[in-house]
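> Please work from the sequences and hints to get the whole structure.
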Amino acid sequence: MSRLIRMDGSGHTTLAEWTTDDPASVEAAVAAFRDELEQGAIAMVTRGPGHADHVRELPLDEQLVIVRRPIAGG
Amino acid sequence: MTATDASDGLLPELANVYWRPRMTPERLRRREQLWTLTTLAHVVPFVLIAIGMVLLSPLALPVSLAALAHAWLIPALYARRGATVTRALTPAAAAPERAALGLLGDLVDRDARELHARTGLVPEPGRLGTWLVGEVGALLVAGRRVSCWCVRATDPDGSRLPSGDRVAHLLLALRSDEEGFATVANLAFSGARWRVRRRLPKRQRAALDAVA
Numbered sequence: 001m002s003r004l005i006r007m008d009g010s011g012h013t014t015l016a017e018w019t020t021d022d023p024a025s026v027e028a029a030v031a032a033f034r035d036e037l038e039q040g041a042i043a044m045v046t047r048g049p050g051h052a053d054h055v056r057e058l059p060l061d062e063q064l065v066i067v068r069r070p071i072a073g074g
Numbered sequence: 001m002t003a004t005d006a007s008d009g010l011l012p013e014l015a016n017v018y019w020r021p022r023m024t025p026e027r028l029r030r031r032e033q034l035w036t037l038t039t040l041a042h043v044v045p046f047v048l049i050a051i052g053m054v055l056l057s058p059l060a061l062p063v064s065l066a067a068l069a070h071a072w073l074i075p076a077l078y079a080r081r082g083a084t085v086t087r088a089l090t091p092a093a094a095a096p097e098r099a100a101l102g103l104l105g106d107l108v109d110r111d112a113r114e115l116h117a118r119t120g121l122v123p124e125p126g127r128l129g130t131w132l133v134g135e136v137g138a139l140l141v142a143g144r145r146v147s148c149w150c151v152r153a154t155d156p157d158g159s160r161l162p163s164g165d166r167v168a169h170l171l172l173a174l175r176s177d178e179e180g181f182a183t184v185a186n187l188a189f190s191g192a193r194w195r196v197r198r199r200l201p202k203r204q205r206a207a208l209d210a211v212a
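Chains as they are written, first to last, in our numbering: chain A, 1 to 74; chain B, 1 to 212.
Hints listed in this document are in silico derivations from the structure and should not be mistaken for laboratory results.
For each residue, glycine too, the CB sits at the ideal point set by N, CA and C.
Where hints are given, some of them may not hold.
Stated by the list, open to error - Residues from chain B shown here face chain A by an in silico Cβ test under 7 Å; the list is partial:
hint: 1; residue: Ala71
hint: 2; residue: Ile74
hint: 3; residue: Leu77
hint: 4; residue: Ala99
hint: 5; residue: Ala100
hint: 6; residue: Pro162
hint: 7; residue: Asp165
hint: 8; residue: Arg175
hint: 9; residue: Thr183
hint: 10; residue: Asn186
hint: 11; residue: Ala192
hint: 12; residue: Trp194
hint: 13; residue: Arg198
Said to hold, decoys possible - Far from chain B by the CB rule (all over 10 Å, computed), these chain A residues:
hint: 14; residue: Ile5
hint: 15; residue: Thr19
hint: 16; residue: Pro23
hint: 17; residue: Val26
hint: 18; residue: Arg34
What follows is the structure in structure tokens.
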């Protein structure tokens, strides 16, 4: 089961869960993913220690996709 | 990189600071040298004044001591400003903090988790040096020098992120594009490690010692 989560005021919220053999869950996850990006969020996938990638489309084969807010110089 | 990855691998936030040249090891070295020159420009004149005053008249010793105090205090104030990038914000409620710490714990190894629990800073090795990531900024440790970067997750809807999430935001951005991260962040101070260490809260000095 793969998960799309968003870091937010609650710690994190699970936005969607999907398996590739369940088209309905994939469709819901893709819709939730696009909603977040349209609101200005940034999606990341961790690739082991020290590595993370920014993704613009939901990578269906990943176990965990994290949505974060933009950062800015303080 | 897979087909779903961003094509350029660059931090998306770079678009918000399009006028800044991308940070590179060479540019960082120049910024560090500029900070060294700035420190010297503050220290050397006051030291010369202090020496000159005493040579002119031993009665001018109080003025000389005041000049030396300026030579010490001005760089110390810069370092103090730099050290504030590691400060902790007021924590959120217990449940969100626990959830955020759980996620952050999944992103780092056991040693980093342990250091974060003790100091509030997460170590992250990079090509520019070793980073110590906090809630509202990061320290970049390279040899005997520390650069202090002010950067934070934005709160567009006004909701306050738990501390673990703040660190995780910066950590993920740093991991995806280190030089982009250093471009987006504001350099608050760069100087000798000992200067910054003195200005850090005691519990955070262990983090600096651990990666030095």
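> Closer than 7 Å between Cβ atoms is the bar; does leucine 77/B clear it against chain A? Give me holds or violated.
Since the shortest Cβ distance to chain A is 18 Å, the answer is violated.
> Please verify that hint: arginine 175/B, Cβ, nearest Cβ of chain A, below 7 Å or not.
holds (4 Å)
> Under 7 Å is the threshold here; is the Cβ of isoleucine 74/B close enough to any Cβ of chain A for the hint to stand?
violated (23 Å)
> Does the CB of asparagine 186/B sit less than 7 Å away from some CB of chain A?
holds (4 Å)
> Report holds if the minimum CB distance from proline 23/A to chain B is greater than 10 Å, and violated otherwise.
Label holds. Min Cβ-Cβ 18 Å, cutoff 10 Å.
> Hint validation: alanine 71/B versus chain A, beta carbon distance must be below 7 Å. Holds or violated?
At about 29 Å, which exceeds the 7 Å cut-off, the nearest Cβ of chain A leaves the hint on alanine 71/B violated.
> At a threshold of 7 Å, is the proposed contact between alanine 100/B and chain A supported by beta-carbon distances?
Since chain A brings a Cβ to about 4 Å from alanine 100/B, closer than 7 Å, the hint holds.
> Classify the hint on proline 162/B as holds or violated, based on whether any CB of chain A lies nearer than 7 Å to its CB.
Result: holds, 6 Å to nearest chain A Cβ.
> Against chain A, is threonine 183/B within 7 Å by beta-carbon distance?
violated (9 Å)
> With chain A as the partner, please determine if aspartate 165/B meets the hint condition of a C-beta pair closer than 7 Å.
At about 4 Å, which falls below the 7 Å cut-off, the nearest Cβ of chain A leaves the hint on aspartate 165/B intact, so it holds.
> Min Cβ distance, alanine 192/B to chain A: is it shorter than 7 Å?
violated (23 Å)
> Beyond 10 Å from chain B, beta-carbon-wise, is valine 26/A?
holds (13 Å)
Consistency note: the structure conflicts with the earlier hints numbered 1, 2, 3, 9, 11, 12, 13 and 14.
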